[in-house]
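**Student:** One-letter residues, chain by chain:
Number of protein chains: 2
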Amino acid sequence: MNKYFYKCFNCSSQFTADEIESEGSFGKERIYLCPKCGQAEKNQPLKGVLLVEYDYENLKRSRSRDEFLKIPCGKFWRYSDLWPIRSFEKIIPQSKLERISLTHDPLLEFDYTGRKIFVFDDTRNPTLSYKDRATSLVVLKAIELGINEIAAASTGNAGSSLAGICARLGLKSHIFVPENIPSAKRIQIQSFGANLYLVKGDYDQAFDLCLEISRMKNWYNRNTAYNPMTIEGKKSAAFDIFISMKGIIPDKIFVPVGDGVIISGLYKGFTELLKLGWIEKLPQLIAVQAEGSNAVVRYVQTGKFEYQPASTIADSIHAGAPRNLYMAAHAVTTSLGTAISVSDEEILSAQKSIAQNFGIIAEPSSAASFAGYEKFVRSGSISANENVLLMLTGNGLKDTSALSKWNDEPVSKSTDEWKKLFLSE
Amino acid sequence: MNKYFYKCFNCSSQFTADEIESEGSFGKERIYLCPKCGQAEKNQPLKGVLLVEYDYENLKRSRSRDEFLKIPCGKFWRYSDLWPIRSFEKIIPQSKLERISLTHDPLLEFDYTGRKIFVFDDTRNPTLSYKDRATSLVVLKAIELGINEIAAASTGNAGSSLAGICARLGLKSHIFVPENIPSAKRIQIQSFGANLYLVKGDYDQAFDLCLEISRMKNWYNRNTAYNPMTIEGKKSAAFDIFISMKGIIPDKIFVPVGDGVIISGLYKGFTELLKLGWIEKLPQLIAVQAEGSNAVVRYVQTGKFEYQPASTIADSIHAGAPRNLYMAAHAVTTSLGTAISVSDEEILSAQKSIAQNFGIIAEPSSAASFAGYEKFVRSGSISANENVLLMLTGNGLKDTSALSKWNDEPVSKSTDEWKKLFLSE
Numbered sequence: 003m004n005k006y007f008y009k010c011f012n013c014s015s016q017f018t019a020d021e022i023e024s025e026g027s028f029g030k031e032r033i034y035l036c037p038k039c040g041q042a043e044k045n046q047p048l049k050g051v052l053l054v055e056y057d058y059e060n061l062k063r064s065r066s067r068d069e070f071l072k073i074p075c076g077k078f079w080r081y082s083d084l085w086p087i088r089s090f091e092k093i094i095p096q097s098k099l100e101r102i103s104l105t106h107d108p109l110l111e112f113d114y115t116g117r118k119i120f121v122f123d124d125t126r127n128p129t130l131s132y133k134d135r136a137t138s139l140v141v142l143k144a145i146e147l148g149i150n151e152i153a154a155a156s157t158g159n160a161g162s163s164l165a166g167i168c169a170r171l172g173l174k175s176h177i178f179v180p181e182n183i184p185s186a187k188r189i190q191i192q193s194f195g196a197n198l199y200l201v202k203g204d205y206d207q208a209f210d211l212c213l214e215i216s217r218m219k220n221w222y223n224r225n226t227a228y229n230p231m232t233i234e235g236k237k238s239a240a241f242d243i244f245i246s247m248k249g250i251i252p253d254k255i256f257v258p259v260g261d262g263v264i265i266s267g268l269y270k271g272f273t274e275l276l277k278l279g280w281i282e283k284l285p286q287l288i289a290v291q292a293e294g295s296n297a298v299v300r301y302v303q304t305g306k307f308e309y310q311p312a313s314t315i316a317d318s319i320h321a322g323a324p325r326n327l328y329m330a331a332h333a334v335t336t337s338l339g340t341a342i343s344v345s346d347e348e349i350l351s352a353q354k355s356i357a358q359n360f361g362i363i364a365e366p367s368s369a370a371s372f373a374g375y376e377k378f379v380r381s382g383s384i385s386a387n388e389n390v391l392l393m394l395t396g397n398g399l400k401d402t403s404a405l406s407k408w409n410d411e412p413v414s415k416s417t418d419e420w421k422k423l424f425l426s427e
Numbered sequence: 003m004n005k006y007f008y009k010c011f012n013c014s015s016q017f018t019a020d021e022i023e024s025e026g027s028f029g030k031e032r033i034y035l036c037p038k039c040g041q042a043e044k045n046q047p048l049k050g051v052l053l054v055e056y057d058y059e060n061l062k063r064s065r066s067r068d069e070f071l072k073i074p075c076g077k078f079w080r081y082s083d084l085w086p087i088r089s090f091e092k093i094i095p096q097s098k099l100e101r102i103s104l105t106h107d108p109l110l111e112f113d114y115t116g117r118k119i120f121v122f123d124d125t126r127n128p129t130l131s132y133k134d135r136a137t138s139l140v141v142l143k144a145i146e147l148g149i150n151e152i153a154a155a156s157t158g159n160a161g162s163s164l165a166g167i168c169a170r171l172g173l174k175s176h177i178f179v180p181e182n183i184p185s186a187k188r189i190q191i192q193s194f195g196a197n198l199y200l201v202k203g204d205y206d207q208a209f210d211l212c213l214e215i216s217r218m219k220n221w222y223n224r225n226t227a228y229n230p231m232t233i234e235g236k237k238s239a240a241f242d243i244f245i246s247m248k249g250i251i252p253d254k255i256f257v258p259v260g261d262g263v264i265i266s267g268l269y270k271g272f273t274e275l276l277k278l279g280w281i282e283k284l285p286q287l288i289a290v291q292a293e294g295s296n297a298v299v300r301y302v303q304t305g306k307f308e309y310q311p312a313s314t315i316a317d318s319i320h321a322g323a324p325r326n327l328y329m330a331a332h333a334v335t336t337s338l339g340t341a342i343s344v345s346d347e348e349i350l351s352a353q354k355s356i357a358q359n360f361g362i363i364a365e366p367s368s369a370a371s372f373a374g375y376e377k378f379v380r381s382g383s384i385s386a387n388e389n390v391l392l393m394l395t396g397n398g399l400k401d402t403s404a405l406s407k408w409n410d411e412p413v414s415k416s417t418d419e420w421k422k423l424f425l426s427e
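Line order of the protein sequences matches chains A and D.
Read in order, the letters of the first sequence correspond to residues 3 to 427 in the working numbering.
Read in order, the letters of the second sequence correspond to residues 3 to 427 in the working numbering.
No lab work stands behind these hints: they were computed from the structure.
Since we're looking at a predicted model, the values are computed, not measured.
No false leads were mixed into what you were given.
Note: identical chains are not told apart, hence a pair may lie in one copy or across any two.
The calculated PhoX-like cross-link candidates involving lysine-lysine, where the alpha carbons are at most 25 Å apart (straight line), are:
1. 77 with 118
2. 77 with 248
3. 174 with 92
4. 415 with 219
5. 44 with 9
6. 98 with 354
7. 98 with 248
8. 248 with 72
9. 174 with 415
10. 202 with 44
11. 44 with 415
12. 174 with 354
Make the full structure from the sequences, and use the hints.
**Tutor:** Below is the structure:
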């Protein structure tokens, strides 16, 4: 028996690893969504997203909590029995794995307005965003499957992550992006030597085109939520929180949400820790969305999805049709969390607070977590003794244009003018 | 007796820590350069730069090589007896130290054109550059001295480093920059909440003004080379190389050189390892400069310094009068290294190679190390079995304008156009 199998989030059907991963099991095409109910439709959340499952009862016996807590953050290959790779040793040497090691020091602790806050800083990963968590697993799975070319649709970070990690490991990447992608993000993708396809149209069109061309060329596809490795890879942050907090779990975690894959990955990771008996309850996951891109908030409130074109300055959480909507909403409700919206103004103000109080330049989407936290504090929804953690998921230097919105153009003075000014103080 | 003392690099005079660090020892002003021979003159390298020295014979007895090698990279406070802070415990809690932890995984190993290359990746430090090594010690020294405000002159990275680390630890920063600084770097400094002073003039004028205002306001001054903590802080990379290579030392290290402080810090660190008997010889330090900013190269060749205005795309190694010229040249010659120049064209080509082969977007100055390496390989100056290490000292996302110089503006196509193109392949 393989150490893992697949389970459909929608219809609960189970499949062996071979059934999903061997080409031709269910017809000619490589399988990503559930072979029974999977659907990828335009402007709709994906249906039949697959989850990776393990034999937790067995793991419970073979794995020790104390040993797990000794694994350094970022070295995901060290908990290999909780990772859907048959054998790391067989597919990649240790020195290559080290090249894609994730951030080692994600947890920072600050005092802010009289309260202790934990910040999970994922802005120092290899390509400076949380996306590297998904990419690292996707790329390893491609290597295991013997595929050398990987494609993804992206609005920026996922693409630069795939391009960068592929460059590190010597694979070829193909990135499909809408033509209005910020130029700073576009140039990162190009710089890593990826093949870049600029699509006249929006992210949805790039997404569909990428699926079609990937099938045609037999490239491995990294589209977010569509490839189950993206959710599975993103669970590593839950483990890194558990490890860096030495076995304690925050009461509330504020998570920026666009397509809903990060929050789903976090939920997956914490659920596994719960199944292993290593934590006693799930942290409350607070999904924070931009007001102009809040399909998860609306779905949690009404149980319905209706497509609305998205509009927000926080491009990494810009998603009219969150691909992993259902799983994200499930993560929120099952963890007894909630989903809230924040305005672009609040996001920019949060970006400033994060830079000036924590010394981290986070991208606007990341700042949403802090904006959500502040909203909670204002409404009195956090009690004094709760442990709160904010997820910072991308580095603000990936696109500095937002920073110009709250920093003035400074005035230049001669040395004599400056001296006079200081003397007159 | 204090665990460390100061020694002038120029006249070899020795001073106790108290003599240098207590205000008023030698007149009214805080001391940075040698009280006997120190000179900071316009467009000249600094004279009388101070070095921190320890009782190595004593350390040799009390410190174990094996224990040292177990310290995680980036946790500089763990080798506290080789750091000029009297007691970390007394001045700062552990959780605050963790906020300024340096990169944990600096060492990457690649195969490139049939040869193994080590890359020291300092692009993932808190503010994404090597400068954080200097800043972290400067800031801790300020805290120890009871000073809350720190000033620096900068062309970008040092300023954003000081601004960011100060934000992390709750100190106030004052950054003096020439008015032509790249706007991307300027906005990072501002974003961290620093007080920014844009000076009509060049770096030299900003440097002098910063010294003058720092004295006037009694701010601690972080000007590079001028403050001995900048060199001392930068030695940590030598320790991190030693630790991450498990006690082996590269044969050759290629170092981008502007003001000459990084190479001096590396030399200082390796010299200490040698004094402790933990390594058998120094690595050869190869100083790589831009052709239009190569005062160290000229000094090593001729023994003379003559000021020439600098001009290079690699703004972080742009230095007409390298402040730490004499120590940098000493590091090169004593380590049996050499100093070479590379053109801006070679630097840009190296930036591309680094991104596409190593998956790292390094800034142009960092790419100089790779350009220097390629020059060595072309001239047959590296033998097949030598261990080579390239220093990457700053993240390329701090200013993406250089990337545009070697990436084309991509053409946008409709989904149908892309499909046709793929089908016709």
